[in-house]
Every structure is written in structure tokens, then in C-alpha cells.
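A.B. asks: For reference, the chains in residue letters:
6 protein chains.
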Amino acid sequence: MNGSRYELGLKNFKEIYGAIGTKVLENLNHISPDMSRYIIEFAFGEIYSRKGLDLKAREIVTISSLLTMGNAKPQLKSHIHGALNIGCSREEILEIMIQISLYSGFPAALNGLEVMKNVFDERDKKGTYP
Amino acid sequence: MNGSRYELGLKNFKEIYGAIGTKVLENLNHISPDMSRYIIEFAFGEIYSRKGLDLKAREIVTISSLLTMGNAKPQLKSHIHGALNIGCSREEILEIMIQISLYSGFPAALNGLEVMKNVFDERDKKGTYP
Amino acid sequence: MNGSRYELGLKNFKEIYGAIGTKVLENLNHISPDMSRYIIEFAFGEIYSRKGLDLKAREIVTISSLLTMGNAKPQLKSHIHGALNIGCSREEILEIMIQISLYSGFPAALNGLEVMKNVFDERDKKGTYP
Amino acid sequence: MNGSRYELGLKNFKEIYGAIGTKVLENLNHISPDMSRYIIEFAFGEIYSRKGLDLKAREIVTISSLLTMGNAKPQLKSHIHGALNIGCSREEILEIMIQISLYSGFPAALNGLEVMKNVFDERDKKGTYP
Amino acid sequence: MNGSRYELGLKNFKEIYGAIGTKVLENLNHISPDMSRYIIEFAFGEIYSRKGLDLKAREIVTISSLLTMGNAKPQLKSHIHGALNIGCSREEILEIMIQISLYSGFPAALNGLEVMKNVFDERDKKGTYP
Amino acid sequence: MNGSRYELGLKNFKEIYGAIGTKVLENLNHISPDMSRYIIEFAFGEIYSRKGLDLKAREIVTISSLLTMGNAKPQLKSHIHGALNIGCSREEILEIMIQISLYSGFPAALNGLEVMKNVFDERDKKGTYP
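Protein chains in written order, with numbering that gives the first Met the number 0: chain A, 0 to 129; chain B, 0 to 129; chain C, 0 to 129; chain D, 0 to 129; chain E, 0 to 129; chain F, 0 to 129.
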């Protein structure tokens, strides 16, 4: 049963993050295979596969939380990729940053815009849409 | 022109928060009328009236940010009311809390659930839907 | 298999937090049974039952993290009880607060001392040792 | 020599916080006399008595830091009293809150204004100036 | 009227940050012209041009807030430059860092000192005073 | 007496951090000799030499606090070295990161694992044990 939860999680994870996710997971496997398993099994097999809030809204929650923390740039980068992969538009990502300036202040928004710009540039180079 | 921005902001603000918002605004007017004006003019006349991200998504961003901060309970309460008023379901609010546990940890989620429960109870007493 | 993970988690949870934990869990069950299950299954069935760091050290990690956040007083209270229940001395709890002042500043330490004092007083009234 | 540092610290502390400080210190003495000593000796005997930044600016630093944390209300209250006692005007305190909204967001500012209002009311009742 | 608010904001912004500010603004204009406009219009045309707290104190508030967040190094760098440009001495900047160690802990202070050192070195190379 | 407190602090500091600590201290001496003195005298001469919590537990407190802040990577690196130097096993360090994921979220844990990996690699290259 845990096995199937892992498989479901891995399927979700790959659908959302694609190649960039696979690389993150491989790195993590070298450091702590258990942590890697918890993220697939619990985060993606359990939480991300819940009903009641669609995947796009879950990524909006995640990006907003990461922007407010302000110190999780690698995760912010991955989740901006993920949000775009599952149907967020670039404009929506930009608007999350502008909205967050009211609650977490301008520095959080500005540092988020910088990460966003890098993700957009990376996708432009590779011709990834959107 | 600022006048119309204020009026637009006040219209947005009242549509989202209703009676609870009016009370928050009156209290704030006694402490700092300028701060009250900035929130109406800038936050609600400017940012909340932007295109590119719908009001429901803006409230999801806001609630996620407030949950991550963890120390802004009065604002969290108002924005859960606001989110429900503009079309979020109770289930979606609950799922935001569950999703946030992955990124901001279980204490942030648990303290958010407590505030959510109080908002739901308050609305049940008054017969407010949803 | 998940069933046995839940049972292991519940056993761990009850051993650490006793009656105060049961009450927290009951409250949470009314708000979100799934969240309650994740905490028992994942946090206590999976993480707290890991080898490599004893339970006392795990509670020191937890209390230090909660002190640094500074906004999770109900959790801090439960975990101070938990730490005392599984073998931390009162003096050790106090020293965690003093040590944290260097890294999270004096306000975090002072607000932690206030919560600690309330826990000690509560235990004194009930004759709980230590 | 440490003795004189303690005495200098206590003199500074009493000049800044007056009666409210004495009460805070007495409470702390019951919980941890060592922590109380560190605050007087190190914070007020060493740091607050440094040259290079006047006391008023030191209180502005402190209030700004506490507003940004957002979870240290008892300390914020004491330091607003302290700032007013050593020469800050009420208008300056208000402006710190408004300025902080840009960097820590509106919730931090609004919750700070609430604490500020309570301090002003308390001083009005006692006829304390300013 | 908004036009003149923008002009006032731009004048304030350029007086405080000089060439380094112009570059920050140009970068931001490429990412989000609206965000750039909000910062000039609202932050610098509205908040920074308020009476009741002088510019030097506003920069002390800002630097203290950024030090406490600890994750906004580009902004911290700009605001240390700004503070020096409008009349803060280097010694005062150093003392803000030392004062903050009491409230946000030593790591926040040490990481701030590192940024401060880089700003001072940069100004020494260019012969900027102070 | 302060002299001996400084000497005790320096002895503690060198025992815990070894060569890496000496380098940190030299850098800091160039930026602010007073800050360097406070860290030796107060942090290591006073707090770290207290009874009631052993050095290993003090480093667990410190690492947990730094992980929760998430923005103090240089300090996290030094304290992982320090913890290993005074008797923590590599497995225990790893488990602190896994435990922290429950309270500060997965991003804090993942970014901590990255720093941990770098410290382990550095020690492997130099043949430092553990």
C-alpha cells in the first residue's frame, strides 16, 4: 500500500516538475534517500493528490509560502517551473509576486521577481511553453 | 484621480470583506487615517483591482502568506472571511492549511486550522453561507 | 501497513504527551481528521520513530525550532510537557531558552521562558514530576 | 568590574523603562535570575551604553526589529514606552509603523499600530507625557 | 496628480540612492514596470516623503527591518548606501548591526556586518564619502 | 575578571570550532573587534560555559534554530563542523534535518541537507573524522 502511494507520488511529481524535478530528486537521493522517499510518499503521494483544491491552486499556495519565507530560492525556482507546467500563465506568476508585496513587503516581492525572471529566461532559451 | 482610486478601492474592500471589513476600517481610522487611506487606495484601489489573477487566487496568495508568517491572526481571520465571501469553499480553505504544512511546517498549519474553525463557527452562528 | 504505522505513531504520541496530547488530538479530529492522521502516521509513526537521534534530542530540536519561530505557543507548551515526560530536566529546558537567546535574540528567549514558567506551574499544581 | 557593568546597565534600564521595566525585571528574576542578569549586564551595561548611536536611534532599531518579527508584543509594548520616555514623539512612533509597512508588509504594521494605540491609551490614563 | 506623485517619488529615490538606485530601477523596469511604478509612486512618492520622521530615521527603520528578515541582502546593500548618502555615518551603520544582535540574534548581526563591509569597501574603491 | 571570561570563551570557541573558527574570528576582527569580543566573552565565555545542558545539546539547539531561520548558511556550516568536532555523529546531524522538516517545513530541511552535504564532503577531503 505504501508502495502504491510512492508510485502515485512519483507520477504526480514527474507530471508537475518534469526533468528539473528528476534532477532535484537524484541529488537528494545521494544525500538522504529517506528524505527523498518522504517527499514523494507524503508530500506528493498524500498531500498533492488530495481532492478539494486543484493542482494550480496548490502551486499558488506553495509559491506564496516560499515568497513569504524569502530564503528558499531553489524551491521557489522549482515551483515556478511546476506552476507553469501545470497551467499557470506567466502573468499569473507575476501577479502573485505583486500581490505578496502587500503582505510580506517589497523586498520579498523583488527577490521573487528576480527568481521568476531567471525561470522565464531559462524557459525561453529552451523554448519551453509557457 | 486619486479620489477615484480611493472609491474603487473602497468598493473592492466592501465587496470582499462586508461588515467585518467596515469595522476593521473604522478602528484603523481612529489610529491612523493615513494608513487606512493607503490600504484602500494602494492595496485595494491599485493591487486588488489588477487584472491577471482573479480575486479568489489573490485571497489564496494572501492566506498562504499569512499562514507562513504565523503571527498575523486578525488578518488571517479577515481574509478567510473575505475568501469565503468571494467564492472559496470551506473545503478549499481547509486544503490551503493542509498544503501549507509541507512548506511552513505543522505548527503553522495547526494554528491556521484553529483560526479557520473559529471563522466557520462564527459564520454558522450568523447563518452566513458558505 | 499504514494501519500499523498509525498504531505505532499513536503509541509514540501517547507515550510522549500523555493526557495533554489526547486532548489536542481530539480537538484536531473535530477540525480535520486527515490532518490528525498525518500527524500520527507521518510525524509520529514515521519521523519520531526513526533511529539515529534519541527522543530527548528530537524534543530539543523541536523546542528550539518553535522558540525560533516565536509564534507557535500552543505547540511550544505541548512539547515542553513532552520533553519533561520523556526525560528532560527542568534545568535543561531553561538552558535551551538561554542558549536560543544568542541565535534568535532575547525576545524569543523571554517569550519562551514565559511559556516554560506556565508549564512548570501547571505541573507543580498537578504534582507532575519533573 | 562586572559589578560596575551591572550597575551601569541597571541605571540605563531604569532611565529608559521606568516603573514598567522594574516590573518586567522582577517577573524575570522569578523565572531566571541569570537571564535577568545577562539582559542588564550585556544588553544594557554593554550594548545600550555604547557610543556611536544615540539612545533614541537604538530604540528605533529595536522597535523596527520587533515589528518585523511580529511575534514579540510584550517587548514591543515595553520598547514603545521606552522610546517615548527618552525623547521619541508619538508621531515618530506612528511613522515607524507606516515606514515598516513597505518592508515587512501591512499586517506587521497594523498589528504594531494596535500595540501602539494601547500604549498611548495607557499613558493617557496615567497622564504620562508624551 | 499621480504624475506629480511619481515625479516626487523619483526625485526622492534619486537623491537617496544615486547611481546604484538608477540601475536597480532599470533592471526592475525590464521585469515589471508596474512594480517599479508602485515603488516610486507609493514607497518614495508617498511614504518616504511623509513628515514626522526624518529620512535618516526612515533608513534606520528600513535597515533594521532588513537585518531582522535576514534574507534581503540586495535591498540591505542598497539601503546601507542610501543611509550613508543622506547623512548616516559609518559608525552609526555598524552600531545598528551591534544593536540588532540583541533582538534578532548574532547570526543576523554577523551577516549584516558582512554586507556592510562590502558596501564600505566598494565606496572606498570609488572614493565615495562617507 | 572580564579578561578571564574572554580567555574562557576563547578556549571554548577553539575547542569547538578549531581552525575554521579561528578564520571566522579573524575576519570578524577586521570588521568589528567589539562584536568579536562580545561573541567570545558573552556567547562562549558566558552562555556556552554554563552547566545544565551539555555542549552537544547546545549545538543541537543552535543548529535547529539556524535551520528554522533558514537564512544563516555561514553560521549553519560552522555549527555543523562544531557539532561534529564535539561528538555528534553524522547520522545525528542528518536526523536533526529530518526532524526539522515537521516544524519548519521541507524547504528548511532540504536547504539544511545541502549545507550538511558540503560540510561532510569538505571533511572527507581533509580526512577529518567524523
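Since the hints were derived computationally from the structure, they do not count as laboratory data.
Just to be clear, a hint being listed does not mean it is correct.
Since the list gives no way to pick one copy over another, a pair counts as held whenever it fits inside one copy or between any two copies.
Derived pair list, reagent style EDC-like, types lysine to aspartate or glutamate, alpha-carbon separation capped at 20 Å [what the hints assert, rightly or not]:
no.	residue 1	residue 2
1	Lys50	Glu121
2	Lys116	Glu90
3	Lys22	Glu121
4	Lys50	Glu25
5	Lys50	Asp33
6	Lys116	Glu40
7	Lys13	Asp53
8	Lys72	Asp33
9	Lys72	Glu25
10	Lys76	Glu91
11	Lys10	Glu121
12	Lys116	Asp33
13	Lys22	Glu113
14	Lys50	Glu91
15	Lys72	Asp53
16	Lys124	Glu6
17	Lys10	Glu90
18	Lys55	Glu91
19	Lys55	Glu90
20	Lys22	Glu91
21	Lys22	Glu90
22	Lys22	Glu6
23	Lys76	Glu113
24	Lys125	Glu6
25	Lys72	Glu6
A.B. asks: Next, verify each hint and record whether it holds.
C.D. replies: Going through the hints against the structure:
no.	hint	in the structure
1	Lys50 with Glu121	neither (32 Å within a copy, 25 Å between copies)
2	Lys116 with Glu90	within (12 Å within a copy, 33 Å between copies)
3	Lys22 with Glu121	within (16 Å within a copy, 23 Å between copies)
4	Lys50 with Glu25	neither (28 Å within a copy, 24 Å between copies)
5	Lys50 with Asp33	between (26 Å within a copy, 12 Å between copies)
6	Lys116 with Glu40	neither (31 Å within a copy, 23 Å between copies)
7	Lys13 with Asp53	within (17 Å within a copy, 28 Å between copies)
8	Lys72 with Asp33	neither (23 Å within a copy, 23 Å between copies)
9	Lys72 with Glu25	within (19 Å within a copy, 23 Å between copies)
10	Lys76 with Glu91	within (15 Å within a copy, 25 Å between copies)
11	Lys10 with Glu121	neither (24 Å within a copy, 35 Å between copies)
12	Lys116 with Asp33	between (33 Å within a copy, 15 Å between copies)
13	Lys22 with Glu113	between (22 Å within a copy, 14 Å between copies)
14	Lys50 with Glu91	between (22 Å within a copy, 9 Å between copies)
15	Lys72 with Asp53	neither (24 Å within a copy, 26 Å between copies)
16	Lys124 with Glu6	neither (32 Å within a copy, 37 Å between copies)
17	Lys10 with Glu90	neither (27 Å within a copy, 25 Å between copies)
18	Lys55 with Glu91	both (11 Å within a copy, 12 Å between copies)
19	Lys55 with Glu90	both (14 Å within a copy, 16 Å between copies)
20	Lys22 with Glu91	neither (26 Å within a copy, 26 Å between copies)
21	Lys22 with Glu90	neither (27 Å within a copy, 24 Å between copies)
22	Lys22 with Glu6	within (18 Å within a copy, 35 Å between copies)
23	Lys76 with Glu113	both (10 Å within a copy, 16 Å between copies)
24	Lys125 with Glu6	neither (29 Å within a copy, 40 Å between copies)
25	Lys72 with Glu6	neither (27 Å within a copy, 34 Å between copies)
Against the hints set out earlier in the document, violations occur for numbers 1, 4, 6, 8, 11, 15, 16, 17, 20, 21, 24 and 25.
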